[in-house]
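Peer 1: Sequence:
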Amino acid sequence: MKKLSGKTALITGGSSGIGLATARLFRDEGARLVITGRNPDSLARAQEELGSDTLVISSEAGNLEEIDSLMAQVKARFNELDILFVNAGIVKPTPIEEVSESQFDEIMGVNFKGVFFAIQKALPLFSANASIIATTSVTNQKGVPLFNVYAASKAALRSLVQSLGVTLISRGIRINAISPGPIFTPMFDSLGLPDDLLQTRKREMALKSPIKRFGMPEEVAKAALFLASDDSSYMLGEQIVVDGGVSLL
Numbered sequence: 549m550k551k552l553s554g555k556t557a558l559i560t561g562g563s564s565g566i567g568l569a570t571a572r573l574f575r576d577e578g579a580r581l582v583i584t585g586r587n588p589d590s591l592a593r594a595q596e597e598l599g600s601d602t603l604v605i606s607s608e609a610g611n612l613e614e615i616d617s618l619m620a621q622v623k624a625r626f627n628e629l630d631i632l633f634v635n636a637g638i639v640k641p642t643p644i645e646e647v648s649e650s651q652f653d654e655i656m657g658v659n660f661k662g663v664f665f666a667i668q669k670a671l672p673l674f675s676a677n678a679s680i681i682a683t684t685s686v687t688n689q690k691g692v693p694l695f696n697v698y699a700a701s702k703a704a705l706r707s708l709v710q711s712l713g714v715t716l717i718s719r720g721i722r723i724n725a726i727s728p729g730p731i732f733t734p735m736f737d738s739l740g741l742p743d744d745l746l747q748t749r750k751r752e753m754a755l756k757s758p759i760k761r762f763g764m765p766e767e768v769a770k771a772a773l774f775l776a777s778d779d780s781s782y783m784l785g786e787q788i789v790v791d792g793g794v795s796l797l
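The opening residue of the sequence shown carries number 549 in our numbering; numbering runs sequentially from there.
Careful, some of the hints might be misleading.
Unchecked claim - Below, in silico cross-link-like pairs of lysine to aspartate or glutamate (DMTMM-like), each with a Cα-Cα straight-line distance of 20 Å or less: (1) Lys669 - Asp616; (2) Lys640 - Glu752; (3) Lys550 - Glu752; (4) Lys640 - Glu608; (5) Lys669 - Glu628; (6) Lys550 - Asp589; (7) Lys669 - Glu608; (8) Lys551 - Asp778; (9) Lys770 - Glu577; (10) Lys661 - Glu645; (11) Lys661 - Glu649; (12) Lys550 - Glu577; (13) Lys661 - Asp616; (14) Lys551 - Glu628; (15) Lys669 - Glu597; (16) Lys551 - Glu767; (17) Lys669 - Glu752; (18) Lys661 - Asp601; (19) Lys640 - Glu654; (20) Lys551 - Asp779; (21) Lys551 - Asp576; (22) Lys551 - Glu577; (23) Lys750 - Glu766; (24) Lys551 - Asp601.
Said to hold, decoys possible - What follows is a set of in silico ranges between Cβ atoms, one per label pair, in the way DEER data are often shown: (25) Gln651 - Asp601: 34 to 40 Å; (26) Pro693 - Glu596: 35 to 41 Å; (27) Glu628 - Gly793: 35 to 41 Å; (28) Gln621 - Asn587: 32 to 38 Å; (29) Glu596 - Ser617: 22 to 28 Å; (30) Ser795 - Asp589: 31 to 37 Å; (31) Lys640 - Phe732: 41 to 47 Å; (32) Gly554 - Ala624: 16 to 22 Å; (33) Gly554 - Leu671: 17 to 23 Å; (34) Glu597 - Lys756: 31 to 37 Å.
Hints listed in this document are in silico derivations from the structure and should not be mistaken for laboratory results.
This one's a predicted model, so the numbers in the text were calculated from it and none came from an experiment.
For each residue, glycine too, the CB sits at the ideal point set by N, CA and C.
Work out the full structure: start from the sequences and follow the hints.
Peer 2: This is the structure in structure tokens:
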């Protein structure tokens, strides 16, 4: 029997990278899907790949009105929700002297505030024995130059997962996190770095891993499936690190 048969899953940031790889796997394991994103081309490609049964919604992860609209559309289509994978996130590497208030607010708005309110506004939709999964990052415990605000947003999210773990379990809702390291996703190409510097940075990051390569989105998706399914029924407020051993160094 498929692990997610009969379950409805919402994946934010589901039109590319880790989110799309997870959507594919959840679909193959029997889940009904809702995915969000904000790039029209990526959303269109995801719709074509995942099929017409998947509800694809353009939604800004840090905008509360759009989160309200998202949850209303999920309720109208599926009535309830079994799995919420809050995966949408942004990263903008910037020296601390150059971080603006608007950039700070944008990163924290998407990576932390948006996750908090997506969970809050999904609460009326959750079925019994629901599962929430949040994407954090190995930067939530490691110092990484230029990623100060991003790392802080992910550390706040890691703390939120722990506190909501004990808060929500009385409602039958489990929440856990995935903490990826260097994963080969389109996010790297959106950093705004010159191509030669970007390629150098990628090589450096790959060599820092004990496994000597980037991880693939499909490898993170398998961890998400574990946390979404009954296989992880005794896990609460924890994080699974998927980083090729980078955090061990």
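Peer 1: Please list, smallest to largest, the hint numbers that this structure does not respect.
Peer 2: 3, 6, 10, 15, 17, 18, 28 and 31
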